[in-house]
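Q: Protein chains in written order, with my numbering: chain F, 432 to 727; chain X, 26 to 364.
Treat each hint with caution, since some may be false.
What the hints assert, rightly or not - Looking from chain X toward chain F, a few residues come up when the C-beta cut is under 7 Å (computed):
| no. | residue |
| --- | --- |
| 1 | THR99 |
| 2 | ILE101 |
| 3 | THR103 |
| 4 | PHE125 |
| 5 | VAL129 |
| 6 | LEU141 |
| 7 | ALA152 |
These are calculated hints, taken from the structure and not from any lab test.
Quick caveat: nothing in here was measured; it's all calculated off a predicted structure.
All C-beta atoms, glycine included, are put in the ideal place defined by N, C-alpha and C.
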Amino acid sequence: MIENVGAIKNGVMARSKGAEEKLFDALERFPALSLYIKFAFKAFQRQLAYKFEYFVGVVNGLIFIFIFTSLWKNIFSNSQATESVGFTTSGIVSYAVFAMIIRISMSQDDLGVMGKIRTGAIAMDMIKPFNFFGVTLAENVGGTMFHWFTRAAPILAVCLIFFDVSLPRHPVNYLLLAVTWILGYLIYFMVNWLFAMLAFWVIETFSFQLMKYGMFTLFSGGIIPLDFFPDFIRPAVAYIPFMYILYVPTASFIGHISPAEALGFIAFQGVWVATLGLASVVVWRAAQKKLIIQGG
Amino acid sequence: MNDDVLISCQGLRREFTVAEGRAGLLGSIKSLFSNKTSVIRAVDDISFDIRAGEFVGYVGENGAGKSTTIKMLTGILTPTGGRALVNGVVPYEERVKNAFNIGVVFGQRSQLWWDLPMSDSLDLLRAIYRVPQARYHESLAELSDWLELGPLMKMPVRKLSLGQRMRADLAASLLHGPKVMFLDEPTIGLDIIAKDNVRRFLKKINKERGVTIILTTHDMDDIEALCDRIIIIDKGKIAWDGATARLKSDHMQGKILEVEFHDYNPKIHEAVGLTEMKSEANKKWLRYRGDGGAALNEVISALFRDYCVKDLSIHEPKVADVVKAIYQHGAEVGEDGGA
Numbered sequence: 432m433i434e435n436v437g438a439i440k441n442g443v444m445a446r447s448k449g450a451e452e453k454l455f456d457a458l459e460r461f462p463a464l465s466l467y468i469k470f471a472f473k474a475f476q477r478q479l480a481y482k483f484e485y486f487v488g489v490v491n492g493l494i495f496i497f498i499f500t501s502l503w504k505n506i507f508s509n510s511q512a513t514e515s516v517g518f519t520t521s522g523i524v525s526y527a528v529f530a531m532i533i534r535i536s537m538s539q540d541d542l543g544v545m546g547k548i549r550t551g552a553i554a555m556d557m558i559k560p561f562n563f564f565g566v567t568l569a570e571n572v573g574g575t576m577f578h579w580f581t582r583a584a585p586i587l588a589v590c591l592i593f594f595d596v597s598l599p600r601h602p603v604n605y606l607l608l609a610v611t612w613i614l615g616y617l618i619y620f621m622v623n624w625l626f627a628m629l630a631f632w633v634i635e636t637f638s639f640q641l642m643k644y645g646m647f648t649l650f651s652g653g654i655i656p657l658d659f660f661p662d663f664i665r666p667a668v669a670y671i672p673f674m675y676i677l678y679v680p681t682a683s684f685i686g687h688i689s690p691a692e693a694l695g696f697i698a699f700q701g702v703w704v705a706t707l708g709l710a711s712v713v714v715w716r717a718a719q720k721k722l723i724i725q726g727g
Numbered sequence: 026m027n028d029d030v031l032i033s034c035q036g037l038r039r040e041f042t043v044a045e046g047r048a049g050l051l052g053s054i055k056s057l058f059s060n061k062t063s064v065i066r067a068v069d070d071i072s073f074d075i076r077a078g079e080f081v082g083y084v085g086e087n088g089a090g091k092s093t094t095i096k097m098l099t100g101i102l103t104p105t106g107g108r109a110l111v112n113g114v115v116p117y118e119e120r121v122k123n124a125f126n127i128g129v130v131f132g133q134r135s136q137l138w139w140d141l142p143m144s145d146s147l148d149l150l151r152a153i154y155r156v157p158q159a160r161y162h163e164s165l166a167e168l169s170d171w172l173e174l175g176p177l178m179k180m181p182v183r184k185l186s187l188g189q190r191m192r193a194d195l196a197a198s199l200l201h202g203p204k205v206m207f208l209d210e211p212t213i214g215l216d217i218i219a220k221d222n223v224r225r226f227l228k229k230i231n232k233e234r235g236v237t238i239i240l241t242t243h244d245m246d247d248i249e250a251l252c253d254r255i256i257i258i259d260k261g262k263i264a265w266d267g268a269t270a271r272l273k274s275d276h277m278q279g280k281i282l283e284v285e286f287h288d289y290n291p292k293i294h295e296a297v298g299l300t301e302m303k304s305e306a307n308k309k310w311l312r313y314r315g316d317g318g319a320a321l322n323e324v325i326s327a328l329f330r331d332y333c334v335k336d337l338s339i340h341e342p343k344v345a346d347v348v349k350a351i352y353q354h355g356a357e358v359g360e361d362g363g364a
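Build the full structure now, drawing on both the sequences and the hints.
A: Encoded structure:
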């Protein structure tokens, strides 16, 4: 059994090698770009080592989707007020399904960098001549590609067959998804990065992590669409980055918000990417300074 | 400064500010509100020059300042004072530029990717250090031959034994052909055979590739087998700096007597012709110089006559003993850099 797995894995690598090598030969003239793409490839490949984990991931995702869709169906069948927020029963079910799939596609190793800082293993990255922020992002992108193929795609297939959901017909929705997903992903990555950077200044970061998870769960729209929030909270939620991570891609994809509204949100996403990008670089500079001047 | 000086430290100093903890519950509550700090000087005015091709042992007890010095030379720590220069680059000012010139191996940490086969880790490093394909393959073939990496190439790093992992890390640190190599305890935890392999390899790259090596270790056998020069650092200061051969000729003539006394530990009077190196419980390590003075047999019979000796054994002095003596008594020996 184990030998078989090894043989399959070697087979996969042997086959993928040809195309990969050709790509990197072509990239030889752009060493920086080639490095980042290579990091993404290797991060993808590294995930292959943990086969059991992605089966569990698929099952977990399906369980969550089952729970939330059942919950929404129940709530909607027992209440009249719900229609007023703009969701039909089938609408809320497809929101729940796609929000969960997008959430799974974005899952990140948000404790990796923090662990490196806490254990001092970051020294091994600092002795290498590369941009740690760029390399971490590239690795994350590779991991995310892996999540798309091994978790998000199979879960989507199962949902289309067994749950009462369907894909939107209009190509505009897919275009909006591509743009809002990429921007949302970058926002999520940089929020995680900034929280990880805290480990340079505080020893015990657990409470900050808890805060981040809490805010993400509540305000990203992954579980409850923001339309259900009371009016006095909604404006405040618009001024923190979380709703732009899951709510905006999900709502634009399923057509809950119009393309015109989506464009407005994309502008906000762009502002957040720029703001957080700047903050990430500034904080990383300060962190490096702290590391090399104060000794971490 | 001499032309072939590759690494140079001048008055290098590094202080750390540490928060003072207070004992007890009340103390820890108090320390929440006041931040009393104290300054620790980890590296205190260190100066040395290392020439191209030297193999230097950088030795000291835990906390003596070895790693702090190495961190400053690899560019991941800025000194509080003084200056360091590695291959013409100030490492902490141009970390990335310096990183291209140096190879680093930390015995306690790996620079390889845990989940990747070794060959993929090496391929990533090729991209990081921008080594051209042709040079990479040549360099890898040579390193793989010396370190016998062939059978390990397809194995994920997490499945390698510590000895295999160290060989892989050594190859990883040398792929880009650095002129300088920093090794922090590369033989820690290895068995005798693996240690021997690592030592033979290090000797080879020092001699054949001409790589300048700074090695920190607690294993004095490493030093004895490898280093032409020893720098002993104690409490942040250089306690001794010179050729290994000179350390031997100055401190390792004669014999070491390990003497166990009957339930007491006397003070040995000078007349016996022995100097005390170390003492614990009712045991003493005494040094017999043998330059002029009484013959060894006379010294031993005097010892038996004057004291209640339970057991006695005679050893050849080892670098470890000498280094220990220097830690204990400080640098009573004159130091000079020009080994």
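Q: Could you run down the list of hints and mark each one as holding or not?
A: Each hint tested on the structure:
The closest approach between the C-beta of THR99 (chain X) and any C-beta of chain F is roughly 5 Å, which is under the 7 Å cut-off, so the hint is satisfied. For ILE101 (chain X), the interface hint holds, since its Cβ comes within 7 Å of a Cβ in chain F; the closest pair sits about 5 Å apart. Taken as an interface hint, THR103 (chain X) checks out: its beta carbon lies about 5 Å from the nearest beta carbon of chain F, inside 7 Å. Because the closest C-beta pair between PHE125 (chain X) and chain F is about 5 Å apart, less than 7 Å, the hint holds.
At about 5 Å, the closest approach between the beta carbon of VAL129 (chain X) and any beta carbon in chain F falls short of 7 Å, and the interface hint on this residue holds. This hint holds: LEU141 (chain X) has a C-beta 6 Å from the nearest C-beta of chain F, less than the 7 Å allowed. Checking ALA152 (chain X) against chain F: minimum C-beta separation of about 5 Å stays under 7 Å; hint holds.
Taken one by one, the earlier hints all hold for this structure without exception.
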